[in-house]
Structures are given as C-alpha cells and as structure tokens.
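If you read the protein sequences in the order shown, they are chains X and D.
Mapping of the first sequence onto this note's numbering: position 40 corresponds to residue 40, and the numbering continues sequentially without gaps.
So the mapping is simple: this note's numbering equals the position in the second sequence, first residue as 1, plus 1000.
Worth flagging that the hints you see were computed from the coordinates, not collected in a lab.
Take every hint as true, because none was put in to throw you off.
Here are some, though not all, of the chain D residues that point toward chain X, as calculated from beta-carbon distances under 8 angstroms:
1. T1068
2. E1144
3. E1148
4. G1151
5. T1625
6. R1629
7. S1665
8. L1669
9. R1673
10. R1676
11. M1678
12. P1688
13. V1689
14. A1691
15. D1692
16. T1745
Glycine included, every Cβ here is placed at the ideal spot set by N, Cα and C.
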Amino acid sequence: MRSFAYVRPPDVAAAVRAVAAEPDAKFLGGGTNLVDLMREGIERPGTVVDVTGLPLQQIEELPGGGVRIGALVRNSSLAAHRLIRTRYPMLAQAILSGASAQLRNMATVGGNLLQRTRCLYFYDGAAACNKREPGAGCAARDGFHRGGAILGASGACVATHPSDMCVALAALDAVVEAESVRGVRRIPLAGFHRLPGDTPHIETELAADELITAVELPASPVAAHSRYRKVRDRASYAFALVSVAAALEVRHGAVTGVRLALGGVAAKPWRASKAEQALLGAPATEESFRHAAEIELAPAEGLPGNAFKIELARRTIVATLRQVLTQGGAA
Amino acid sequence: MTGPRDATNQNQLMTQMESPPRPQSAAGPVVGKPIDRVDGQAKTSGQARFAAEYPYPGLAYAALVHSTVARGRVTGFDVAEAAAVPGVLTILTHENAPSMKPPPRATLTNGGMIVTGTTVNYLNTDEVHWNGQPVAVVVAETLEAAREAAGLVRVAYRESQATVDFATEEEHAVPLKGNPLQRGTARKGDAEAAFRVAPVSVDLRFTTPPLNHNAIEPHATTAVWDGDRLTVHEGTQGIAWLRAHLAARFGVPEASVRVISPFVGGAFGGKGPVWAGTLLTVLAARATGRPVRMMLTREGVYRTVGGRSPSIQRVALGAAADGRLTALIHTGVTGTGRVGGLPEAVTSPSGHLYAAPNILLRHSLVELDLLPNTFMRAPGEAPGTFALEAAMDELADKLGMDPITLRMRNEPETNPIDGKRFSHRLLREAYAYGAQRFGWADRTPEPGSMRDGRWLVGMGVATAHHGTMRFTANVTVRLSADGSVLVRCGLQEMGMGAATAQAQIAADALGVPFEAVRVEYGDSTLPTGPGAGASAQTVSVAASLLAACDKLRRKVRALGEGGSLAEILARAGRDHVEAAVGSQTRLGTLAGQAKFIAKFLRDHRRWVKAGCGAQFCEVRVDPDTGEIRVSRWLGVFDVGKVINAKTAASQLRGGIVMGIGMALSEETLVDPRTGRIMNPSLAEYHVPVHADIPPIDIHYLDEPDPTMPLGLLGLGEIGVTGVAAAIANAVHHATGKRVHDLPITLDKLL
Ligand SMILES: Cc1cc2nc3c(=O)[nH]c(=O)nc-3n(C[C@H](O)[C@H](O)[C@H](O)COP(=O)(O)OP(=O)(O)OC[C@H]3O[C@@H](n4cnc5c(N)ncnc54)[C@H](O)[C@@H]3O)c2cc1C
Ligand code: SF4
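I would like the entire structure built from these sequences, with the hints used as guidance.
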C-alpha cells in the first residue's frame, strides 16, 4: 500500500480541519474496509485521519424515545446495547448478521455507512470499472454479478451497497449527522446513499471532508416488533444476496404499522415504501404480503447471473413479514 | 531394501512377534489409541515455526507482479514509479533476471520433475500463458514496500487469442491417451448397446466447477544462498521432490540444497508441486545475494497455485427391474493448462464401485490458457463420486428402490472393470452399520415428506472410495541404552499428525512407551522420506519403520538376551544401536526405486487396494429461500487399520468439511472473457464456515488390510469423496429437486 501520513486528532474540530486541509486525506474508523481497499491499491489516501479517539462513542436516549448513536460506536457494542435490542431488534439482528465477530468489534457506525461495494470487478484493478475510474466501463454487467443490483441500477453500474446495518437504519428513518469546517448538517438516511446513474463513483451525499458524527433513530413503537432476515451463500460470513428488515404492527387483523427495507438489491439500502403503502390498512395475510412484495419489485430488473434475486426478494419479504406476524419481533 | 515385498514380509514377522514381547509400559500398545499429537502444543502456543517465520539477518522481501492478460508476450515494463518506492532493492523481469533452467520432463524415477507445477520458465521468457502468471518480482527491504511497488509496475503486452472458457471448449475435448496407472478409456462388454435396451435407465449430465486451494498458511518461501549452497524454508508436501527440483532448475547438485519444512499449514495437494513463488524467491535471493522471503497474498495463491479442474460428466446407467446394473457409462471432460496440469480422473470410481457386466469409461481433456490444475484432495474421485453416486440415487428413485439396497445389489466380488481381486473391501459392513447408527430406517422415501417446523428435511447417502498408494521411504531408528528411541525420516507434517503416528508405531514395535520416542522429520538432511501425497505418507513410512525396527531388534538380540531391548544394550555396554532402511546414495536410491516400482506394478496388476465408506447426511432446506443447512453427518469408513483414533478421525472429518464446501458453496469464478479469477479471496470464495458444519460422527471399521504393512490403507483423502453426492441426494429427498451442477446454491432450488 502507498505510504501515508497518519494523524489522530483529539477532537472533532481538529479532525475536520485535518481532512479539509489535505485533498487526499481520508477518515479512518475501524479500518476494516478502508485498510483492505488500501492494500488492494483501490484507495490511496496520502493522509489517514484516525477518528477513533474522538468522543463520539456514546449511545444516548433522546427525549421522546429516540436514540442517538455516536459515529464511533463499534458495531458489536451497538448490537449488544439494551436500547437497541429492545426498541429496534431489527438493527441488532442486522449488525449481528454481518461480517464476523472480530470485524464487528472493529467496525464503527460511520465506517459501516460508508463501506464500499463488494463488486468483484471493483476490487480488481485489472478490470474496467466506472466506479473506480469514471468512463472505463463496467465489467460486471456482462461478467459475474451475482451480488449485483436488481433495483435502481444503471447502464454504468450494477453494484450493490453491502451493509446490513444500513438496511435496518433505512427502515427506521435514521438521520445521519455530519460535520465539516462549514458546520453541521443532518441527512436523512433515505437520501444518504445515491443510485449510480451516470456517476457511480459518487456514492453518497456526504462531501469528502465531512465527518459523520452521529446517527439518530426516531422513536418508533412499531420497530419493537421487527426482524432482520439475511439470505446468503453460506450460513455466516457472507454478504447478503437479499436481506429484509421488517417491522409490523397489526390490530384486529389489519396492518396498522409497517417498516420494510431490502438489502443486497441496490446501490443503496432500499426502503420499500411502495410495499409499505400497499400494506397499511390491508389484512395481515400472506396474500397481502405477496401483493406488497410484487408492487415493490415490479420495476426490478435482473441480469443473467442475478435475476433469481427478484424471486428470492419476493419470497424473503413474504417469509419475513410472516415471521414477524406469527413469531413476533426479536428472535 | 525397502521393496514392498520386504515390507510385507516384515509385516508378517511383525504380527508373529506380537505375542511374546509386548511392551512393559502400563499403558500397553499405543497403535490405535487416540494419542494427542506431539506438535499440538507447539502449534497452539505459537512456537511451531512456519516457512515465513525464520529470521535471517539482512532478510529482504519479495512480491509478485501478475500478468493481466491470458496469453501473449510482454513487450515492455515501466518500473519508474515502482523503483521510486523507498526500500526497493530490485525489480526482476525477464529482461534482467538470472537464468533458471526449464523443467526437464518427468519420468517415473525423477521425483523432482513430477512436481513441476507449470512448465513456464518464469522471468526467463517474455511469454504469458495465463492471466495471473508472474511476470516480475519486486525485492525490497520491507514487505510493505515490496507489495506497494509490485502494484506500481506497469507492464505492456502484445496479446494473442486465448482459449479460457472451459464450458464452451467441451466440443473440442480430446480423448486422453492414458498410461498404466490412469487409462483414458476402459471398457468391459458393450455398454452402449446394453444401455439402449435396459429396462430402466438414467442418462445424466453433471458439472463441477473449478476449485481453489485455501490452506490456512498461504504458500511461503524463505531462501538463502551461501555461495552455491541453498537453504530453503518452505511449506511443502515433498521436501525431497522440492530439493531435486530446485537443484535441477538452479544447476546445483542436490547435495547443495537443503529444504527445511517441519510444519506445513495445510496443503491438500496444493503444496505438492513447485510453483512460481518458490522458484522466484530462490531466484530473487540469487539475484540480490540476500536472504529473501516471499509469502504469497491470498490472491497470489489463487493466481499462481493450481486448483481442481472443472468437469463435465455423463453418467448413464441401465438396470434390470430388480436393480441389477446392465450398463454403466461414465464419461468426463476436464481441463488442463497448456503449460501443465494433469487429467482429473473423474471416471475412476466407476471402474471400482458396481458389478455391471458392461462398463464404458472415457476421459477427455481440453487444454486451456489458464493456470494449470493440480492435485486437490482425492483428485478425480471427489468430483467423480459426485456424478456416479448422484446418478445411482436417481436410478434408485426410478426403480422405486432404497438407494442402499440398490448399491448392495450391485456390490461386486472383484474389481468390476478388470476382475482384479480386492485386497480388502467392507462396503457392505459400512452401510449396514451406518444405516443402523444413522437411523436410515426412519427415512420416508417420498421427497418432501419429512419436515421439522418450517424446514424440509432430507436424508441422503453416497459411497466414498479412494485408492491406496505407497512410495519408498528411508528411515533410521536408534535405540539408546536409556530406553529412548529416535526415528529419523524426512517426512512432512501438514497437520495430519504424521510424526505422532510414526512414534506410536515405533513404540509398539520396540516395546517402549510412546513418550520415549522422538521423531525427527521435515528436513532434507534426514533420510529421504516419501512425498506426502496420494494418502500414502503414513503407510509408506510405516512400512520402512517396521522393517527398521525389526532390524534393530535383531541387532540388539545379537548382543544378548533377556529383559527389554534397552536392558540388553545397557548390559552389553552399548550407548545405542541404530538400524536403517533405504539407501541415501544416488545409485542406491535409483536401485531402491526401480525395485519398488517393479514390485508396485506387479502388485497393481494383481490387487485393487482401496479404502471405501458410506457417507450419510441429513439436510434442511428452507422452502421459502432454498437455503440449505447440513444438519447431521455420519461417515463410516473401511480404511484398514487405524493408527491414531483421534488424528484419523480428524482427517476424515476434515475431508467431509471440504466436501461440504464443494457441494454447497465453493467455486472459482474464472471470467470467460479474460481467463481471470475474479474471486481470489476468502471473502468471496466461500469455503464453509463453522456455522455450515454440523457435528460430524466418524466411525471406522478398523479391519487391517491383509496386503499392507500393519494393515494400513491411506485415509487422508477418502473423507471428501461421496460427500457432494450424499448432499445432492439429501437435497432431492428434501425438495424433490435434482441439482446436477455444483455448487448447489440456493438459486438452483427456487
Ligand atoms: C470479510 C468481510 C466481511 C464482511 N461482511 C459484512 C457483512 O456481511 N455485512 C456488512 O454489513 N458488512 C460486512 N463487512 C463490512 C464491514 O461491516 C465494514 O467493513 C465496516 O462496517 C466498516 O467500518 P469501519 O469502521 O471499519 O470503516 P473503515 O474501514 O474505517 O472506513 C470505511 C470508510 O468510511 C470512512 N469513514 C469511517 N468513519 C467515518 C466517519 N466517522 N465519518 C466519515 N467517514 C468515515 C472511511 O474514510 C472509509 O472510506 C465485511 C467486511 C469484511 C472485511
Ligand atoms: S458494477 Fe459498478 S462497481 Fe462493479 S464493475 Fe460495474 S461499475 Fe464497477
């Protein structure tokens, strides 16, 4: 990997200044993604600004029942936290379904949000990839794309966002807080990641010099009855082919509250708003679930190597909603 | 000295001697006991030193630059950026590298050349033969600098048309010519005609993907030149082969090369041949005059170390209504590289397993511009048993017959393809015992008829089979007057407990406690051991060790009588007595090998020696998503006499784990446009993780093979055979779906 300067600022102000000053500087969280990409020569920062010493390690209850999560909270700590396990079980489950215990011990909330795609061609410097090198072409489209997108893809890029945590965050209406030398701003998670369009190299709304400081979860009673279901190619330690975060509230047989998001299907965690709309007020039956899944997946398009994910997503949505309905939330 | 005939005689002697002088130690005989491996603590406490862990003053580090085209010529390098990385010592390319000799052709007695991984003379040619071939080596003061600079070397190529897509090359496959040990085509009767008129039949096509080696220790070499003397630390399956190969490639006498390899972090066939990393580390050390180390990255292992060939197989079975086979046709196409590789003998199990009167086996090859394939645990038999044993299950289904009953109805008395005698075969016993232990009777035959909550449950069986081999082995044994025993043999310890097993054998043979025996191994200065391949190391060394112990006993007895051997020594005033089997001279080695080969071929004409077994598994399939979980496993094996109950079970269990990967998740993704491996990492090449593996129940019948020393058969590879078929059969039982293409990923069940 390229030699780099390393700094470990003591406070947020110094951290954002350090990155603003160096055009090729990068924040370093747990390093589980950035260091990998540096070893592969895909990321080549000249300066690495280690933010793990910043005081952003707290999980706090907000007035009104929400939760504020510091950007440097480790994935393991977040999944184990009582507030998360009881109020947002889908989030705890999503995190625990990802990576390995060792990686989760290192990974931070901020880093998880910004982890990059696992597209095989993105990882291989010898391959054409618009995300790595705008205009180079996309080798995945006619190559291996089992992990590729079925929703929101473009001719330029069919990659997916690999995070599990973010799928739950999308379902939970999370808000990302970011700070730079220009000040603090709040970005709803729903709009945080971008679809590829013609610019797959621009992956989020975050500017390069903005530091993620926190993620806030609004109060959400429905989220207490929620699950995360991840379908993958081995029992553990693999990225999702399709995953579903689902919360369901049912009164007198009808759906009175629902949250639904999909992972492994798009360049962003996919909030299934159309399915949610279809479900609200509908009878809580297998048929409604299937109908909702179909509406959401109507625009889905597959490539030869990943078209099966459309059917898989349909089935996983139905199965997960069914599970929340019959077995309740937290597994 | 070490011809098999001698060894067989020794074996008989050995059995005769067993009655009177049994060991005095309270523990009694140790062969067969679950003794803890002698190197266990060294490994778990980090004291065992692997090839990349030997410190040398002035050590430099090397990293490979891999080609990004499949075929062509290198037309130039731009090394400016790479050379500017601080700490870079040199960048070796074909333009400036010292010369190395091309590998001569392999012959039966030329072990060093049998392990030629590829015929490419790295950095001595501008030719590129596969996407990923090393075309340059960076040597630097640090590992980081070497790897960073390697990434900055720009290479220009003139590309030529490459053939890299195995699937589309099937039609160009050429029938394999074969040799006495591996026939390309074998026939009995007229299988095609019999198949056409068979009352019940199946005619199926199977495919298996390419697989890569993923030993926990990536290939690593530390090489040190001192004038013309070379010392190499290397994780290898064959220190003698490696020594011979390096001597030939670098033009020095074998005696000038020392290979040290006490610990190997897993190998499975992938550390049998000599690959680019090893050669180029030695070359880099010669070029720089520094000790040089290269540990391959995981990607480097994928790009430079061959794996298992993909296969396309046809199995056509014809049977009478009572299940007796009338025709068995098994044809297979596999791939090799244009610059090396070997025919993965997928049709081989079909010559041994079923008593069909008409059999046709045919193996064809396609040559590709890819990294040559190589040995991987149970070459041929792992993918071959998948096709044959899945087809048998399908035939059973068609016949409305229990799959075990069908197999037993066709269990042969002699080797089906040629009528040779089995030295040993207890497959019936394995199935009978396994069926009872596994609860096979609880299986309701109808697919989809068994459930556990939301899960569909299926049970499947398949036969495991693996031929047994032997090599020559030189061994010395020394008994000291204090009762301690030293066994010396240049064998390889890749994690299977090889030294432990030999210590057990020596302890019993000399009547000393296990603790009194020390085994020295993993160094080419020791008596030349066999390579650790073909599941043959333990039995090969055991044969010579038994002979040596016998010699030793006779020597001691000549000194006096009464009491233990050590007591006789002490009374005779002797410090120690040593016995050797096998000659270390060049001529002696050749003579020994010639004798061994002659005997081996004679034996081979007479007997079929193989282990076999019955694999039982239970799977659960999620009816919504098609996710498959293996929930129970039982393997019952007939692998001759077992020396160490614990390490043997671990070997068999490890094979099954590997088979589960092959069945469900492992696949090397070779881009058909470029020939480039696209998933060269443990994140994207899915070996099974712990959560994929159920408790694995291992049982072995422990019946000695009458023709083998101590009754041993090889057991290192058999565990993986039959596994994929057992799973495919269980998946069918759970879901009613037949998947003929490995791996059985969930999309194939949607
Ligand atoms: C083998 C493997 C398997 C994995 N499997 C899964 C899986 O199944 N599911 C899953 O969801 N994930 C998986 N992961 C990914 C893992 O979750 C991420 O690597 C991890 O969450 C990244 O967090 P980090 O703190 O280590 O980020 P880093 O690697 O430190 O950083 C990642 C990116 O975020 C930026 N960054 C970090 N912190 C901040 C901040 N506060 N503000 C602004 N920018 C920041 C960095 O500059 C960098 O660009 C896997 C990873 C590996 C290596
Ligand atoms: S899918 Fe996207 S990330 Fe993958 S190769 Fe194409 S452009 Fe690159």
